[in-house]
Every structure is written in structure tokens, then in C-alpha cells.
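Novice: Chains as they are written, first to last, in our numbering: chain W, 1288 to 1585; chain H, 75 to 484; chain S, -19 to 278.
Please keep in mind that the hints were generated in silico from the structure rather than gathered at the bench. Even for Gly, the Cβ is constructed at its ideal location relative to N, Cα and C. Any given hint might turn out to be false.
Stated by the list, open to error - Only part of the chain H face toward chain S is listed, based on derived beta-carbon distances under 10 Å:
#1 Y201
#2 D208
#3 T213
#4 T346
#5 V349
#6 V350
#7 S351
#8 A366
#9 K370
#10 A371
#11 G373
#12 A374
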Amino acid sequence: MSAAGVARPTGKPATVEGRRGLAVLVLLPFTALVGLFLLAPTVSLLWGSVHSARTGQFTLANYSYLGHPLDLLPFANSVELSLASTALGGLVGLLIAQAIVSSRRPVIQEIATTFSSVAANFAGVPLAFAFIATLGAGGLVTRLFLDAGIDLYNGGFKLYSVLGLTIVYAYWEIPLMVLVMLPPLQAMKPSWREAAEILGASRWQYLRAVAVPILATPVISSLLLLYANAFGAFATAYGLTTGFVSLVPIQISNLVSGDITFDPGQADALAVGLAAIMALCIGGRALLERRSTRWLAR
Amino acid sequence: MANDPLLARIDELGSAFASGQLGRRQFMKTLLGLGLGLPAVAAIIAACSAAATASPAAAGAAAASAAAAAPAASGFDMNALVAAAKSEGSIYQTGIPPEWVNYQAIFDLWKSTYGIPINGTSTEGEYTSAQELDSIKNTGKPDVGDVGIAVAVLGKQQGLTAPYKNSHWADIPDTAKDADGYWCCNYWGAQAFAINTDAVKIPINDWNDLLDPSLKSAVGIDGDPTKANDSFFAVWSAAVANGGSLDNIGPGIDFFNKLLQSGNLTAARANTANVVSGEVKVAIIWDYLGLAYRDKANGAPNIKVTIPASGSLASPYADIVAAKAPHPNAGRLWQELIYSDAGQLLFLGGYAHPIRYAVLNAAGKIPPDVAAKMPAADLYTKVQLVTDVSKITAAETALAAGWKIVVNSQ
Amino acid sequence: MSGGSMTGEATEETLPAIVAGAHAERLVRRRTRRRTRTPAWAAVVLGAAAVYFLVPLYATAVFGFSTGKAFTLQPLFAGLADDGFHSSLLLSLGYAIVTTCLALVVVAPTAYLVELRFPGLRSTIEFVSILPFVIPPIILTVGLSTVYGIRSPVNLISSEWAPVLLVGGYFVLTLPFAFRAIDNALRAVDVRMLSEAAASLGASPVHTFLRVIVPSISLGLVSAALLAFTTAMGEFTIAALLGYPTFPVYLLNVNAYLPREGEALVLVSFFITWAGVLALAAVARRAPGTQIVRGGPM
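Just chain W, same shape as in the assembly (with noise of 0.2 Å):
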């Protein structure tokens, strides 16, 4: 480090486009960490779809299953689990972030905040008890309604559906959506809306020609990291049920680890096609981001 500076006294103060080598060792840490525990891994799970678990010979028989109807119904459960508690999650999360900055308190901004950051985390298991013992078949909602006469599970409700589901993923969607969409709603500057309400638009009028287009692009990003985190959630899912519900992410971790069946093969076959959807919906929402900073900077 200190060679280059006896060599040659140059007068030149130590600036910072010196010493590159120093600045190349700085990122050699970072570049094996990736490197090790995120890049190898793909490219084995890459490699291991297209090879047999059995023979470790080329194959492509382990994407066969985007040719069966009845092994893709997990992507279609996966797929419709998510859009609906993207639906929920970004229109509640939305209503109630908006309301948190309506309230102009800032303890209930700082409650909001901080509690979802604590509930965003709180899936998988816990989640998923904490639902069973609300809304399961001997749930204490469940038993409210019966003292007030109706019969949820008689009438076809149950918490082990696509539509129960939603409403646990609600749990964490709904926080997440308002962590990310309140910086955007507080930067609505109040003084947009009074400069329409001066020019004589109504309140649907601002909302359409104003709020809707500079809040569509974060709210669209905000939805696609809500339909991403949906997508791949498996701790949740693991919790409540297996088996009558099939998804992707508890499919995959059946063929790793269940007792009767053991593919890793298809495993990676299957964690592939997720990874697809999951880059489609991220990359979408990086392009979308980009656009918004514009807008929304300070």
C-alpha cells in the first residue's frame, strides 16, 4: 500500500483515483459473497433442472410438468393465491396508508409505521396459527358468528382455500404496501392540491388528472413487490396446510424433503419456472421505479 508512495513523490496529494488495487481488494469481499451464496446456487439450480436426479444425464423430462394440466394446478393456485392478496394487500394497504396520512399525527404515523415493520415479519407459522385460532373451524371469530347464527363452514367458508389464504397473506401484504407507499403519498405535496382546488377542479377532478398519474407509477411497483412476495412466500402456507392447497413454493420443498418423494431435480425445474414469474414481475417494477424518482424527488 505504501509502495507506490515512496516510489515516486510526485507532490500529488493522496486522491482518490489512486491506489485502484486497494479499491478492487474493497470489493473482492462482496464479489465472493455473491458470488458463493447467491450466483452459485442459481446456476445448480439452473444446471439441476435440465439433469436427471437420478442418472445425471441431460434431461428435459423435468419440465414435463408444463405440459400436464394437473402439475401445473400449483401454479395456477400460486397465481391466483397471489393476485388476490395483491388486490387486498394494495387496495387496503393503500386506503389505510393514505389514512395514516390524512390523520396528521405523526404518533399515529410512528405506531403505523413500526408496527408494520413487525408484522410484515411476522409470517409463517405464528401467522398461521394466529389465524387458525381467529377464523379455523373452532376459531374464536368462527364461534362469534355461531352465537349470532351463522354457520361459516356450514355455509362453505373455510380458512384451508385460496380465499382463507388471502386473508392471512393480508396479514403481511397490508403493512408491506403501506411501508412503501407512504413516502410517496407524503410527498404529495399539499400545495398541488390547493393550487387545483384555486383552479376550480373538484376533488375527483384532482384525483384523476393529478393524483392518479404521478401515484400510478409507485403504486403499480408497489403492487408487482406485493405479488413477488406473495409468489414465493412458503413459510406461511407451510403452516396452515398442506396438501389440499397445492402451491409452488410448498411443492418445491416437498421434493427436497418429503418422505415419499425426493426430486431435486424437479425441484429445480419447478424453482425455475417461479423464478421466471418472479423476474418478470421485478423487473417490471425496476423499470417502473426508474421512471418515478422524477416525479417524486425532493
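Starting from the structure of chain W, add chains H and S where the hints point.
Specialist: Frame of chain W; chains H and S shown alone:
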């Protein structure tokens, strides 16, 4: 065996003890002096005490037969094995979790009897059977493992297990062991109903009782039958009980379809939390799991475990010794402990039926307090033990195809 | 959303405003402060949200803090006394601290260098930091256990180096959030100018980074640290599938043999986490204009 001088001596001692001529302590010391291991001694004393009320001669005979079942029977040198195992220094287990069927007590017995340390991380203790084979193949560290029957057979095919016929080999039914000694079943559990009697007011003794209209969303299994062993056997048992057979799992799928359509089947998993909280009021699971839930709940709620009358299947586990085990003698000694009376009775303490149950029961060695905690023995008479791996594979394939239709019909 | 008439209020304020022209600023503030009554619709929405989020927690409490017949705190004490509780909590804490340090020590210099010296690498790094979203934990675990598992030549899982896998996995999971938080903070500050100024005063690059840059982005670092910590503490999927008894995995297991105690612990850990986040938010509030935004769970 009748001419064995050792057994004759034990016969003599047993009579003396039963008739009061020999004190208990002296009896024990003499037996130990003959080279018998502690488990055998305990068994002999128990047998003699039980038979003492009958007659000294019977006691002597009981002692002899107990000794015949003991490790130090003709030709086998237990002491040499123990010495060899101790000199190896340690034993490495895979897939043997302490909280499973009372294995913790077995670990404790091993340590207190032989003092040989047991290695193997708790992660490895939780391995599935498939992972255990992988571990044996790729790491070469494990000496012993506890695997499902299908994996045991697979292990033999892949040359990963070593043959060893433990000294109780004769007691074990032929269907429950490999003819050449490459694997041997150690315990089994049968499919049972765990019933929350606080919430369920009707008696439930058999499969058809589950269709009662009062049981809406009450009946559950623990997971996806195409993935989890427990649930798979639930469907298969339903098949056997409802006109099907080991070769025909169709009626089982039909039964569960009926259960689903009637609204009685819940998709909630029959795990501890859901059973104790009352979410699943009738769980179709292994008897040892149901009994463990009953103990966990401790009256809140009251849980009763019963074996369905028209049919239930039992799936055994098997102990295996790794082919290239680093400590082969320790592995064999472990098997001696597992199949000894003491080891087998400890499985019973974990509510699993030891593979030598019939022999132990006939010899009167089942402690009454342990027996009282389990469903009555006569409920188990119609239980079929499934060890034919080809039948298991065929049934799994048939289930995978048929179950999708049930799931899609929602 | 609040329907107050602007002209009416302006008239009341007009005279003092004309007289004290310099107080116009304060005037605007007073006017807006008068509209701080929370609008009715917002109150309803927030109330309904509170019900949705608190009822499942209450149902958990009803099950956890009870003997089955009566309310009792006993399960909580039994749960806290359980051996596994301490060991798993300490394990998770350990992993969380290591992950946090790693995230800060590796990501901050990297982000700094990319901003300053290797702007060409920016899109690559951004792509890499988005990749963990495309590869959800379930898939990442499958990849990790293939590359470093029982069946591979580089078998880490069965060796004493196994924990490295977990830390690596957590680092990858935290990467998107940590990088985003630190990068945002860096971009809000004129890094180039600061670095050049420091260099011209004779500071070495390391000195510049540690004494000049780090304090300027301290809130971004705190944000990244918080995200890394909560992610690692709450992560379930990787730990469960690789078989590590971390706290979330312990909570799942304890539900199998101590169901009431497990639920009591779940509830308590929820509120402890919330208290922790509140405390951190209070610290962050000291520097106005910044927010700690949580990206989301998996």
C-alpha cells in the same frame, strides 16, 4: 437349548429365588457373575417375580426362557462385544431424535450401561430416512440409523448397510427382518384415532363413525398423503378397512372423498397445536403421536386414542448399521441394546410397539402401568404390519394418481 | 378530504397577515394546523385496520395464556424456562449480529466505491441486489443444499463450517434492503465532493471513508442494520430446511411439544420486537427528514 448348562444353572437359581431360598440381591449377583448383561438380569428377575406366585418350577422355567432371550445366550459373547465397542471410543448416529419414541431414555440407558459417547448433531438427528442414507453414502460418518422400512430395503440394495443378526433374531417375525440380516425392524406404530372427547359427544370406534353429521370440519390428517408417511398410511388403512386391500388403495381414496364431500374433513393439519386447541377434533394419526398429544394436553382437552376396529395398518421402522461404519462394534452393540428387553420396553414407554412385543407379552414382561397408558391390546389384533416394500411403492403410485382428483373436486 | 372553506378562514387571518408581512410563513403553518382533526373516514379505516391486526394476536393470547380452562401466565414462564428457548434465541441473536456486521462492513464500502469510482458497475450491482427477490428463500435453500450439501464434493452441511451457509444465506436475503438503504443515503450526500475535499486535505481513502463518509450516511447505516437484524432474527425458511434450531424454527418445534407455551412465546416476541423497533424509530427521529422503511418479508 435344553441342554445348555448355563440355562440349567439359571433354571436352578430361578427356582431357588422363587421358593425363597435365594435372596433377591444374591440372585442378581450370581446372575451377573454368570456373565449376563444388566437388561437380561432385569428381565429374568421380573419374569421370576411374576411367575413366583405360580410355582418355583414355573419360575425356573420362566427364568430359563428369559435367559434364552438374553444376549448372553449360547455362543454369543456379549462381554467381548462390549469391550470391542468401548475400545472404538464412540458411536455416531443419524436420524435418531431424542424426543422420538422415547429415544432419549434409550440414549441415557446406553450411556449409563456402557459409557460410550454418542455423536451426531441434533440437525442430523432430525434427518429424514432419505437424508440418512445420503449421509451414510457421502460422509461416511454414521454408524447407525433409524429409517423407514422402504429406505432400509433401499439401503441394502445400494450396499450401504452391514448385516448383523442380533441375539434376539429368532424372536422377530420373518416379515419384519431381512433374511440375510441387512436390516431389522425395531418398532412400529399403528394408525389410530385421537379423539377430543370434550368436543366430540358420540363414541367413535371405527371408520364409518367419522361420517357422522355432527363431525363437521372435525376430522383431520397430518399433511398431504402423497408426501407424508403418516397421512399416506391413513388413506391406506381406510382402504383396507373399507373393502380394499394392501394391493387396492382405491376404497381408501373413495372414503376420504366421501369424508371431504360430507364436510367432515378439515384441511387443518393434525399437529399438536391444532389437536390441543381443538381445531382438529378427530385426528387420524399414528398411535404413538396421538398418545403423546394426550399427554401434552393433560386433560385440557381430554383426548382418547383408539384403534379403528375394521382395520388399521402399521408401518415399522428399522435400525441399520452402516456398511463402512467407523465404529462397527459400537453399531452392533447399539443393536443389541435396541432389541434387548430393556430397549424394547423403552420404546413402549414412548408408545411405540416394540417389534418383540408378542414375545414380551407372552412372557408377561409388559409392565402393567405402561400397558394401561396404551389402547387395549385386543384393539391391535386386526392391525396389519406392512413390510413389503413393493406394495408400498405400488400403493404410493396409485395414491398419487387418484388423490389429485379428490383435491381438484373442491 | 377535509371540507374546510379556505376563503372563510383566510378572511379571519387577513388583517394580522397584512400587518405582519414577515410572519406569513408562520401563518401558513397555523392555518394547516387548524385542519389537524383526523377526518372521519380515516378514523374508521384505521379503526378497522386495528381490529383486523389485533384480533388474531388476541386469539393467540387466549390459547397461549390459558390452561384450557382458565387464564394464566404460567405457559409464558414455562416457555421462557424451556432450554430450547435460550439456546435458540442466543443462536438467532448470534447469527443476526454477524449478518448485520457483515452487511454493513461489506456493503457500505462497496456501495461507496461504486458510487465514487466504478459507476459503470452500478447496473450490475443493482441487478445483483435485486436477484434475491427473484430467488426466494425456498429456492435459494434448495440451491445452497445442492451446491454445499450432502451430495456435493464441497460438503459444508455435515462439517463444522455449516453455519457459514446460514450466514451467507442471510447476507444474500438482506442484500437488497441493505444496499438500497445505504445507496439512498450515499446518493443524498455529495460523495464525490466530500471525498475530494478530504483527499485534498491529505486524508487517505480509508480515513476519508471512516471519518467523513460514514458519519454522513449514518442513518442509512442504521436503517440497513435494522433491516439486516430483523431479517436474520425472523428468517425461517433457510434455517428450517437446513436444519438449524434458530428462534423461528424453535417456535415451530416448540408448538409440537408445548403448544400453549409456544404461542405465549410467539406473542411475547412480537411485542418485544415492536418495542425494539419503536425505540430505534425514536432514535432515528432525532434526524428529521429520514425514514426507516422496511422492504418486506418472504
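Novice: So, G373 of chain H near chain S? Judge it on the closest CB pair being under 10 Å.
Specialist: 7 Å, holds
Novice: Taking 10 Å as the limit, does the beta-carbon of A374 of chain H come near enough to a beta-carbon in chain S?
Specialist: 2 Å, holds
Novice: Is the interface hint for Y201 of chain H satisfied, with its Cβ closer than 10 Å to some Cβ of chain S?
Specialist: Y201 of chain H check passes; min Cβ-Cβ to chain S is 8 Å, inside 10 Å.
Novice: Going by Cβ atoms only, is T213 of chain H closer than 10 Å to chain S?
Specialist: 5 Å, holds
Novice: Would the hint on T346 of chain H be counted as holding, given a Cβ-Cβ threshold of 10 Å to chain S?
Specialist: 5 Å, holds
Novice: Hold the hint about S351 of chain H up to the distance rule: shortest CB distance to chain S must be less than 10 Å.
Specialist: This hint holds: S351 of chain H lies near chain S, its Cβ roughly 5 Å from the closest one there, short of 10 Å.
Novice: Close enough to count: is the Cβ of V350 of chain H nearer than 10 Å to one in chain S?
Specialist: 5 Å, holds
Novice: Go through the hint on A366 of chain H and say holds or violated, using the shortest Cβ distance to chain S against 10 Å.
Specialist: 8 Å, holds
Novice: Regarding the hint that A371 of chain H lies at the interface with chain S, is the smallest CB-CB distance below 10 Å?
Specialist: 7 Å, holds
Novice: Is the interface hint for K370 of chain H satisfied, with its Cβ closer than 10 Å to some Cβ of chain S?
Specialist: 7 Å, holds
Novice: Hint check: is the beta carbon of D208 of chain H less than 10 Å from a beta carbon of chain S?
Specialist: Hint holds; D208 of chain H Cβ to chain S Cβ min 4 Å, cut 10 Å.
Novice: Let me know if the C-beta of V349 of chain H comes in closer than 10 Å to any C-beta of chain S, holds or violated.
Specialist: 8 Å, holds
In summary, this structure violates none of the numbered hints.
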